[in-house]
Amino acid sequence: MIDMFYAIFDPDNLFLKYAFIMGALASISFGIIGTFVTVKKIGYLAGAISHCVFGGIGLALFLQVNAGLTWFDPMLGAVLAAIIAAVTVGLVSLHAKEREDTIIGTLWAVGMASGILLIDRTPGYFNLGSYLFGDILLISSKDLLYVACLDALILGVSIIFFNRFFSVCFDSEFTSLRGINTTFFYLLLLILTALTVVLMVRIVGIVLVIALLTIPSAIASFYAKRLWQMMIYSCLLCALFTWTGLGLSYSWSLPSGPTIIVLSGAAYLVLLVIHKLLKSY
Amino acid sequence: MHNDHEITLKNISFAYKQRNVLENVDLVIKKGEFASIVGPNGGGKTTLLKLILGLIKPDKGVIRIFGKPPDKVRQQIGYMPQYAHLDMNFPAIVMDVVLMGRLKKSNLWFSRKDKNEVLTAIDEVGMTAFVNTEFNELSGGQKQRILIARALCSNPAVLLLDEPTANVDHETEENLFSILQKLNSKMTILLVSHDLGFVSKYVKSVICVNRQVVIHPTTLINGAMIKDIYHGDLKMVRHDHRCSEEGHTHD
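Same order as they appear, the protein sequences are chains E and H.
Start counting at 1 in the first sequence, then tack on 360, and there's your number in the working numbering.
Start counting at 1 in the second sequence, then tack on 49, and there's your number in the working numbering.
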């Protein structure tokens with residue numbers, strides 16, 4: 361472990377330093393949005409959005425290569441797909457009461473499958489594994505800037521509308537009776553979730569996005585008395601898991617994404633059992 | 050339009066999936082009323098409450114509250130939902146929950162005045178000792194009281210309650226109703242209850258809903274009337290809460 365600390369500050373290992381900074385920056389967005397996703401129980405919606413993002417990336421790559429639309433880069437495709445998916449999924453969850461999970465499950469699967477089909481029909485080599493689990497070691501300084509901007513946006517909106525989001529998540533019906541436009545704030549929350557997913561999918565992959573959105577917040581919910589406390593605990597736990605995961609993956613030459621997932625998943629299961637035991641005695 | 054008519058429903062019909070839940074309902078609630086909506090499951094009790102709140106729109110007919118459409122006067126209506134609809138793992142303390150009653154379109158943040166109003170409302174339901182307690186650690190009856198406080202802290206003229214006595218024990222029921230009786234001196238109260246026998250001791254009139262609506266003063270309630278509402282014989286348990294020393298008798 362000690363040699364890892366030297367490695368971080370070794371100028372030849374710039375990628376490692378970037379990975380650690382990214383871990384810290386990403387934790388802010390994951391902690392805040394993950395808390396909302398957990399208390400509003402929309403992890404399933406976030407999953408559907410992230411898989412639709414994959415469809416958007418596929419479409420962008422396909423059009424870039426096959427149709428010569430060079431301006432249509434995968435990032436743009438991902439953002440468009442994410443926002444369309446967020447609004448669609450949000451409206452479905454509000455209006456299609458009985459068929460909600462079927463429709464969202466379909467969007468989830470079709471988003472993913474169309475992404476794979478489009479990438480298959482695009483000449484060139486694309487590593488599908490890096491979309492699923494990400495490649496945190498390929499992070500550039502531009503990525504750090506993007507994620508810092510996302511953090512600023514999410515922190516800003518969440519602080520300004522904290523009471524609105526709190527109320528919409530806790531008791532949407534009562535909130536609308538107080539004259540607040542709950543549909544707007546619910547969709548805004550989903551769009552923020554979508555933006556978080558987009559920026560992070562490129563870096564940590566689809567599977568890791570879901571894990572880091574839900575697991576730290578799930579653990580935080582054992583200990584937090586209030587919503588803002590849960591957000592702070594989630595951010596800290598998220599940073600702890602990504603850093604420890606990165607450290608382990610560097611020391612033992614393991615792929616970073618799966619290491620972080622297994623580590624945080626194991627921590628969650630252990631703490632869940634301890635929490636249940638403590639509660640029953 | 051009479052000045053003392055706070056809530057009026059004129060010729061209201063509402064259907065859900067081609068099934069008529071309410072048919073040609075007329076109803077007037079006067080200022081200072083303390084009424085309970087009772088009726089069988091699926092008879093339209095909750096639908097009636099949601100129509101008055103403006104959460105759903107009637108297929109036919111007109112609803113007026115203080116002479117205006119429901120969604121225009123929402124700020125003056127206090128509403129207590131059933132606590133069972135809320136997430137039991139949500140991280141929030143009592144203060145956070147009651148502050149929701151002070152939400153306003155114009156204010157993003159709660160002021161000192163909002164917090165003072167919240168403390169007054171919590172005091173009114175006798176829960177001052179629990180301001181910083183986690184909402185989910187409270188018992189069912191305590192949660193109901195906190196949700197009443199949340200409805201109260203916007204100083205409403207009308208208070209609507211959905212099953213305030215669901216899932217609470219007997220003593221808690223009595224306690225809740227004595228709070229409501231006290232509040233009735235300041236505001237009109239309309240509640241939904243499945244428990245006709247119990248509420249009739251406290252409320253001034255009973256609104257029976259089973260697709261149609263009939264209003265009875267509580268003094269006139271008897272077995273024949275209940276049979277009429279529920280369309281059939283019911284196993285009725287009377288609990289008058291006033292037992293003589295020899296115990297009580299059923300008739």
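None of these hints come from the bench; they were simulated from the model.
Hints may contain errors.
Stated by the list, open to error - Calculated cross-link-like contacts (lysine-lysine; reagent style DSS-like; alpha-carbon spacing at most 25 angstroms): (1) Lys66/H - Lys457/E; (2) Lys164/H - Lys585/E; (3) Lys235/H - Lys250/H; (4) Lys231/H - Lys79/H; (5) Lys153/H - Lys457/E; (6) Lys585/E - Lys377/E; (7) Lys250/H - Lys117/H; (8) Lys585/E - Lys162/H; (9) Lys639/E - Lys585/E; (10) Lys106/H - Lys231/H; (11) Lys164/H - Lys235/H; (12) Lys154/H - Lys79/H; (13) Lys154/H - Lys117/H; (14) Lys235/H - Lys457/E; (15) Lys250/H - Lys153/H; (16) Lys253/H - Lys235/H; (17) Lys457/E - Lys109/H; (18) Lys153/H - Lys164/H.
Handout entry: Satisfaction of hint between Lys79/H and Lys231/H, Cα-Cα up to 25 angstroms
Key = Holds, at about 18 angstroms.
Practice task
Measure nothing beyond the straight line between the CA atoms of Lys250/H and Lys153/H; if it is 25 angstroms or shorter, mark the hint as holding.
Solution key: Roughly 37 angstroms between the alpha carbons, so the hint for Lys250/H and Lys153/H is violated.
Practice task
Sort out whether Lys117/H lies within 25 angstroms of Lys154/H, counting only the CA atoms.
Solution key: 19 angstroms, holds
Handout entry: Distance restraint between Lys585/E and Lys377/E, which requires alpha-carbon spacing of 25 angstroms or less
Key = 35 angstroms, violated
Problem - Given pair status - Lys457/E, Lys235/H, alpha carbons within 25 angstroms - result: 39 angstroms, violated
Problem - 25 angstroms Cα cutoff - pair Lys154/H, Lys79/H - result: Given that 25 angstroms is the threshold and the Cα spacing comes to 29 angstroms, the pair is violated.
Handout entry: Agreement of Lys639/E and Lys585/E with the hint, judged by alpha carbon distance not exceeding 25 angstroms
Key = The given pair, whose Cα atoms are some 15 angstroms apart, holds under the 25 angstroms limit.
Practice task
Compare the distance between the alpha carbons of Lys153/H and Lys457/E with 25 angstroms, and conclude whether the hinted pair is satisfied.
Solution key: 28 angstroms, violated
Handout entry: Hint consistency between Lys250/H and Lys117/H [alpha-carbon to alpha-carbon, up to 25 angstroms]
Key = 32 angstroms, violated
Handout entry: Satisfaction of hint between Lys235/H and Lys164/H, Cα-Cα up to 25 angstroms
Key = 21 angstroms, holds
Exercise for the section: Please work out if Lys164/H and Lys585/E have their alpha carbons no farther apart than 25 angstroms. Expected result: With a Cα-Cα distance of about 19 angstroms, the restraint between Lys164/H and Lys585/E holds, given a limit of 25 angstroms.
Practice task
Given the hint that Lys585/E pairs with Lys162/H, test it: the Cα-Cα distance must not exceed 25 angstroms.
Solution key: 24 angstroms, holds
In summary, the numbered hints that this structure violates are 5, 6, 7, 10, 12, 14, 15.
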